[in-house]
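Novice: This is what each chain is made of:
Number of protein chains: 6
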Amino acid sequence: MFMHNKRLQYTVRVSETNPGLANLMLEQFGGPQGELAAACRYFTQALAEDDPGRKDMLMDIATEELSHLEVIGTIIAMLNKGAKGELAEATDSEAELYRKITGAGNDSHVTQVLYGGGPALINSGGQLWNAGYIDSIGDPTCDLRSNIAAESRAKIIYERLINLTDDPGVKEALGFLMTREVAHQLSFEKALYAITPNFPPGKMAPMPQFARTYFNMSEGDGDTRGPWNSDENFQYVGSAKQAMAVDGGSGLPEVMLQPGQAQAVEQLAARTLSDPESDPVTGADLGSGELPTEKAV
Amino acid sequence: MFMHNKRLQYTVRVSETNPGLANLMLEQFGGPQGELAAACRYFTQALAEDDPGRKDMLMDIATEELSHLEVIGTIIAMLNKGAKGELAEATDSEAELYRKITGAGNDSHVTQVLYGGGPALINSGGQLWNAGYIDSIGDPTCDLRSNIAAESRAKIIYERLINLTDDPGVKEALGFLMTREVAHQLSFEKALYAITPNFPPGKMAPMPQFARTYFNMSEGDGDTRGPWNSDENFQYVGSAKQAMAVDGGSGLPEVMLQPGQAQAVEQLAARTLSDPESDPVTGADLGSGELPTEKAV
Amino acid sequence: MFMHNKRLQYTVRVSETNPGLANLMLEQFGGPQGELAAACRYFTQALAEDDPGRKDMLMDIATEELSHLEVIGTIIAMLNKGAKGELAEATDSEAELYRKITGAGNDSHVTQVLYGGGPALINSGGQLWNAGYIDSIGDPTCDLRSNIAAESRAKIIYERLINLTDDPGVKEALGFLMTREVAHQLSFEKALYAITPNFPPGKMAPMPQFARTYFNMSEGDGDTRGPWNSDENFQYVGSAKQAMAVDGGSGLPEVMLQPGQAQAVEQLAARTLSDPESDPVTGADLGSGELPTEKAV
Amino acid sequence: MFMHNKRLQYTVRVSETNPGLANLMLEQFGGPQGELAAACRYFTQALAEDDPGRKDMLMDIATEELSHLEVIGTIIAMLNKGAKGELAEATDSEAELYRKITGAGNDSHVTQVLYGGGPALINSGGQLWNAGYIDSIGDPTCDLRSNIAAESRAKIIYERLINLTDDPGVKEALGFLMTREVAHQLSFEKALYAITPNFPPGKMAPMPQFARTYFNMSEGDGDTRGPWNSDENFQYVGSAKQAMAVDGGSGLPEVMLQPGQAQAVEQLAARTLSDPESDPVTGADLGSGELPTEKAV
Amino acid sequence: MFMHNKRLQYTVRVSETNPGLANLMLEQFGGPQGELAAACRYFTQALAEDDPGRKDMLMDIATEELSHLEVIGTIIAMLNKGAKGELAEATDSEAELYRKITGAGNDSHVTQVLYGGGPALINSGGQLWNAGYIDSIGDPTCDLRSNIAAESRAKIIYERLINLTDDPGVKEALGFLMTREVAHQLSFEKALYAITPNFPPGKMAPMPQFARTYFNMSEGDGDTRGPWNSDENFQYVGSAKQAMAVDGGSGLPEVMLQPGQAQAVEQLAARTLSDPESDPVTGADLGSGELPTEKAV
Amino acid sequence: MFMHNKRLQYTVRVSETNPGLANLMLEQFGGPQGELAAACRYFTQALAEDDPGRKDMLMDIATEELSHLEVIGTIIAMLNKGAKGELAEATDSEAELYRKITGAGNDSHVTQVLYGGGPALINSGGQLWNAGYIDSIGDPTCDLRSNIAAESRAKIIYERLINLTDDPGVKEALGFLMTREVAHQLSFEKALYAITPNFPPGKMAPMPQFARTYFNMSEGDGDTRGPWNSDENFQYVGSAKQAMAVDGGSGLPEVMLQPGQAQAVEQLAARTLSDPESDPVTGADLGSGELPTEKAV
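Chains as they are written, first to last, in the numbering used here: chain B, 1 to 297; chain X, 1 to 297; chain S, 1 to 297; chain R, 1 to 297; chain Y, 1 to 297; chain L, 1 to 297.
A couple of the hints might just be wrong.
Intra- or inter-copy, both count: the list cannot distinguish identical chains.
[What the hints assert, rightly or not] Listed next, the in silico DSS-like pairs over lysine-lysine satisfying Cα-Cα at most 30 Å (straight line):
no. : residue 1 : residue 2
1   : 6         : 100
2   : 55        : 171
3   : 171       : 6
4   : 6         : 55
In case anyone wonders, no lab produced these hints; they're calculated from the structure. Note that the coordinates shown come from a computational prediction; the quantities given were computed from them, not determined experimentally.
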């Protein structure tokens with residue numbers, strides 16, 4: 001069960017209100033790399049996890065991410081605090097309020113008009129958060145890799161946000177949040193490699209004849225060799241031009257139909273037959289007024 | 001530019017039509033771990049990538065994923081081929097057609113009625129594909145980690161699908177697709193580690209005092225130590241019960257308001273004041289018919 | 001900041017695994033009336049709330065909802081536990097596994113194949129959770145009304161789920177969760193009426209001439225009078241047939257265009273003019289093969 | 001059946017075109033608190049309602065909301081009328097057109113480029129309308145509460161929009177729409193309380209031992225007592241620190257597995273075992289170039 | 001403004017309740033080709049249309065589509081009427097209710113549990129309706145083409161639904177709705193061709209050298225010639241293998257960077273340089289336990 | 001199978017970076033009328049198509065659309081190239097970077113912060129691409145009509161974008177892409193009319209008594225006659241005021257309930273009965289403080 005303490009995990013000190021900056025901060029509140037996504041990711045994994053160590057770790061980190069969601073949400077609330085009062089109380093003229101929420105450097109109109117300045121579960125462009133952001137599939141070696149990647153992405157988004165503000169209190173709190181993503185990545189890395197083997201993921205072996213093949217599907221100037229397609233590591237198939245099916249078969253699909261099905265398929269084909277010999281007058285001909293003179297409709 | 005050859009990368013041989021199985025296969029056509037997501041992921045990364053080796057590799061693999069999308073989509077089309085004709089031509093009675101698309105083992109009604117049996121960009125539950133499935137952020141060390149994770153997840157989904165069908169042709173084609181995910185993961189791993197250093201991601205250094213701290217936020221029986229939170233690797237903060245802000249501050253948010261803003265905020269607070277001393281009659285009181293006798297409304 | 005204790009708020013005892021039932025339970029995990037929606041609703045409101053009493057209450061209840069999310073998610077994980085192992089380890093034949101996840105009474109294929117049996121943030125139909133489920137707008141009298149309504153809805157969904165299972169442990173835990181929705185509704189009712197006045201919401205007064213008017217827009221047998229449209233409470237406008245604009249104006253829109261704009265609008269109108277006197281041959285005429293003989297194309 | 005009269009319910013008079021303002025107005029056309037959501041909400045409830053009075057009222061108000069959708073959509077069309085012609089006819093230079101749709105105070109690029117200036121079913125941030133905005137569940141006491149809340153929210157959004165424009169015709173029409181939300185709320189309130197009892201919603205009684213308990217889940221300075229958690233109204237559980245399951249049980253989940261299931265689960269656990277004694281070299285170690293010297297890989 | 005008459009446009013007579021069939025009918029209530037999409041499509045076009053004939057026609061048909069939405073929604077409500085009562089009142093045992101909503105031929109669990117049997121704005125697979133289904137762009141020749149296509153699609157979905165039920169009253173009402181789609185398509189065709197010219201759409205002329213070229217991008221057995229790529233109608237470019245840019249240029253992208261930008265781009269490239277000469281040990285090597293013996297980490 | 005050549009189909013030459021313009025270009029990369037939607041539309045149709053000519057054509061055009069996706073995505077990458085480096089390397093001050101991504105004429109903050117300047121599958125407003133944009137239903141006469149409409153819409157969006165930029169290289173490449181939409185529309189028109197008959201779509205005949213009826217559902221000044229509702233083409237039903245069901249029936253819905261169902265429905269009705277004779281005190285009365293003095297609660 002969860003409990004809450006009214007102190008933030010990291011103290012938030014905002015120098016001045018700035019709804020435009022608040023809007024950018026939404027990226028880590030309700031955006032795909034944000035803290036809600038992180039918390040939901042680890043929490044849902046924890047619930048289904050049976051390994052005691054991983055379950056404990058996932059719940060530890062999920063809980064911390066909720067605390068981060070609170071920190072970033074509080075930053076947003078502080079940055080919006082002035083604007084929220086002004087619009088609700090209509091203390092300025094209409095023209096001034098309009099200018100404030102649509103003016104240069106401030107793309108906060110959605111936040112202000114729709115959400116009243118509260119932190120909303122949207123990204124900085126107003127896109128509603130959705131659970132498609134969470135890529136857990138219930139296999140620990142995959143989910144840990146996904147978590148490692150997610151932490152690295154979140155680190156970068158924080159880095160970009162830090163580069164965009166000179167408010168020292170905001171920078172410091174963002175720096176803490178960014179740092180914790182690094183620490184979490186370290187833990188997930190350890191947890192992944194504490195499973196041996198962890199590659200290839202799952203139980204079923206790949207087909208050996210295709211497991212270390214590299215197909216050069218994009219050809220032309222710019223073809224580059226490196227460890228990801230080197231002869232040392234891969235069988236490099238240099239050209240797809242011949243375009244044979246790699247199994248040596250025809251490359252054509254087959255299916256066995258039951259008699260009734262075959263008949264229905266033929267009937268459908270006949271009914272919707274395309275006549276390649278025709279040259280029909282079309283809607284575009286009608287529409288362009290350029291009917292071929294020789295064709296009577 | 002893309003070109004297409006009419007042969008499939010891997011020959012598809014389906015023993016008999018099965019719309020229920022086709023429905024499951026949608027998971028890798030229009031699902032989050034499916035081939036469209038993979039192709040879009042690598043293709044969009046390739047477009048923005050300037051490093052020649054990574055750009056080439058990303059385009060090679062994106063192109064192959066498109067070919068895989070064709071393979072899995074063709075499997076779906078073959079599995080649905082009979083049902084498609086039957087519904088379009090109404091060759092069975094209504095009751096029989098209804099039974100066929102809603103009966104046990106067949107959850108294909110969406111596919112049949114809405115999409116006419118064609119492969120649709122939905123997952124096996126009918127959820128529309130959306131670009132939130134793609135987590136690229138334009139930093140190569142992050143995106144490669146995301147790609148590694150994505151390939152591992154796709155491998156597992158194929159493994160599960162293979163476990164659900166005994167059609168040998170379908171199993172074989174799925175096995176090929178599964179195998180290629182492993183090969184792609186290998187390439188992405190090589191590409192990630194060909195960047196040095198690649199950890200921590202990005203340019204900005206984490207705050208050293210929090211970069212190797214582990215907070216035990218979930219307490220109780222089940223606390224487990226392992227390499228992900230060991231004293232060797234981390235400073236383990238064993239209890240959050242004290243619940244102090246980790247920066248040593250108050251844990252309380254602050255913001256500086258301009259005078260006009262402060263006044264508006266106060267005005268708003270006064271107008272929406274909650275009176276803790278009151279014990280108001282409420283809608284629930286009215287609704288339950290259990291009005292306290294001592295309170296006049 | 002949040003903390004977590006490894007004990008559930010309510011003990012979960014599941015008699016036997018049942019992925020089909022697990023699937024139904026998703027309604028309150030990742031569905032619109034579920035616990036994630038509840039927690040996010042109150043938590044985001046709490047962050048922006050300045051009134052100390054409401055802020056405290058919102059955070060108390062948000063935290064409890066997270067604990068409920070854990071309870072319902074744990075029920076799902078327990079109900080899926082057997083199926084999860086079977087598919088991952090492929091301990092049954094393909095046909096048997098296929099039958100198990102698609103058979104009568106079990107619509108869990110999405111959960112099993114895509115999420116590996118873990119609790120996912122989807123509803124029972126596979127729809128991804130999205131933040132459009134949360135209707136907070138940052139005004140306390142509105143948000144409290146929204147919360148009251150949300151709690152009442154969640155109560156009913158639990159009631160329906162309880163009616164669908166005879167597993168006593170599941171019934172009991174669901175009963176607890178249902179009960180807590182009632183308790184939360186009571187708190188929100190008290191909090192709403194502790195604001196006086198709270199109706200009409202907001203600061204701006206309605207136009208008195210339309211604030212107590214009832215328009216009978218749906219006419220015919222079945223017109224019914226009651227307190228919601230009674231003469232005692234409303235000015236009842238009995239028929240819309242005359243269809244005059246209620247302001248007494250023309251009911252036609254007007255806008256003043258600048259000269260350049262007017263010219264562009266006229267140019268656009270001329271270019272896309274519809275000729276009402278024509279009787280053009282159309283694509284449908286071409287397509288039906290029923291061209292009117294008297295019209296040359 | 002529906003009919004339409006070409007007069008608007010309220011005359012729309014717009015002083016000058018303003019695509020930026022049009023963009024804000026979308027909030028009530030295609031936003032979550034907008035008129036389409038309202039109309040759909042009441043219309044779908046009406047279809048399933050059997051009570052004659054409620055059915056009549058819901059259809060009356062649904063029909064009026066459609067008329068409001070027409071009013072707000074017409075305002076948008078008028079505000080965009082000039083810009084629509086200018087872009088379609090390219091009457092300005094490219095630079096001027098670019099400036100007009102991206103300049104300060106005008107965030108209308110989506111509306112202009114994608115929708116050609118027509119009113120679109122998006123909110124002011126471009127988010128597509130979706131049916132997740134509608135929270136009807138088919139229980140009248142819940143749905144009426146939801147409607148009451150929805151009307152109160154819509155009232156506030158109109159109030160905010162009115163505060164942002166000084167065009168008198170727009171203000172007046174918005175004022176009418178705002179007022180009608182108040183009137184509708186009054187009707188829904190009457191209809192809710194015309195059902196007795198209406199609390200708690202539904203048929204199933206809550207568990208008495210938890211129906212009037214308040215858990216203080218968020219602790220620390222700021223704990224506040226009020227009618228929503230007063231001893232008069234609730235049993236106040238002051239501290240969650242002991243963190244016992246409230247049912248007196250272990251707080252730990254249980255499930256009974258069948259023998260085959262148990263075996264599969266154990267097999268899965270063994271295969272994905274996490275070794276807490278290990279200290280594996282990880283990808284992060286490789287990536288940071290800081291391999292511990294004492295560990296051979 | 002809209003008005004409503006309590007009679008349906010077409011009388012609905014349902015022989016017996018059938019929640020499974022109700023579920024299929026949702027396709028035309030809240031699905032992409034359904035009546036809400038149709039009504040919204042024409043209504044939003046009508047609001048922005050200035051041509052009097054088209055505006056009138058669009059509003060006529062939009063209004064009729066709302067009446068159709070009422071008809072199909074009423075069919076759903078009738079089909080669900082029995083089930084709605086049973087679940088709300090719990091008149092059956094839990095096991096019986098569970099069987100009824102999850103049994104063979106009945107995929108109505110979402111509809112029953114979440115929406116209480118009311119018609120919901122989802123398709124038959126539970127996907128929430130969203131405004132992405134509406135493709136209006138504010139150009140009449142495009143929008144009319146879109147409407148023609150939409151009517152043809154809706155006709156087919158009704159045809160499929162009719163093929164799935166033998167309830168004569170449902171068949172008849174669906175037949176009416178299907179027929180009206182045909183009639184609407186006829187009107188839209190007439191309206192399109194009443195604009196001359198209407199092809200190509202818009203004002204800007206295509207580049208003549210590419211306006212009648214056909215690129216044979218998909219090569220191999222199966223290449224087929226027909227009027228869509230005949231020499232009579234198109235310049236057929238038979239092979240893409242040479243893969244030159246069609247403009248005769250390099251096919252390589254260029255951009256002019258400012259000095260500061262160029263420096264930043266170089267700095268970024270250097271920092272994330274991929275070393276093609278390396279053969280790094282990777283996470284996959286660690287994970288597979290197959291470290292190449294010759295490489296020290 | 002797909003192959004890729006590193007040359008673009010059309011050479012992209014960008015004069016200077018411009019993230020604001022890049023943002024607009026997203027409309028045709030990840031927007032509803034963009035190239036991903038086009039490619040997915042034709043590719044999925046091709047997979048299910050059995051007619052050899054249409055299958056070949058669909059795959060030809062799908063492949064070309066992928067090449068167009070590459071062209072438009074490359075334009076975006078070039079336009080963003082400078083900004084991408086600046087934010088990643090933080091070469092400017094925070095204030096300068098903030099100004100650059102939020103300033104007038106630049107709404108690129110989502111693209112920059114979240115996607116790092118790479119082309120993302122969103123429209124110019126940040127809305128995630130979703131498969132609801134694709135309207136294929138698996139009937140060739142419908143799908144070809146949908147394709148014709150889609151090409152015409154895409155043509156217009158390109159035209160609008162061309163009107164917004166004066167960069168000659170961008171204009172030229174967009175002009176090529178626009179032109180190809182015209183050429184594709186021509187092919188789809190030919191393919192549609194090569195099926196005879198193609199109207200009405202599908203196999204089932206409409207009800208003759210309603211197939212050429214036009215209902216004047218929107219009445220009042222502005223009623224206009226034209227070929228879309230002329231007496232020559234349609235039976236014009238001039239007034240809906242009488243509001244009779246068009247089938248001559250009652251216009252009222254009927255359903256036959258089984259005895260147990262009828263009883264449950266009655267029980268539900270009784271439990272949620274609305275008392276039209278009451279005049280209950282409501283929450284609004286409580287909230288407004290305007291309790292009618294004569295009513296005791």
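Novice: I'd like to know which numbered hints this structure contradicts. Please list them from smallest to largest.
Specialist: 1
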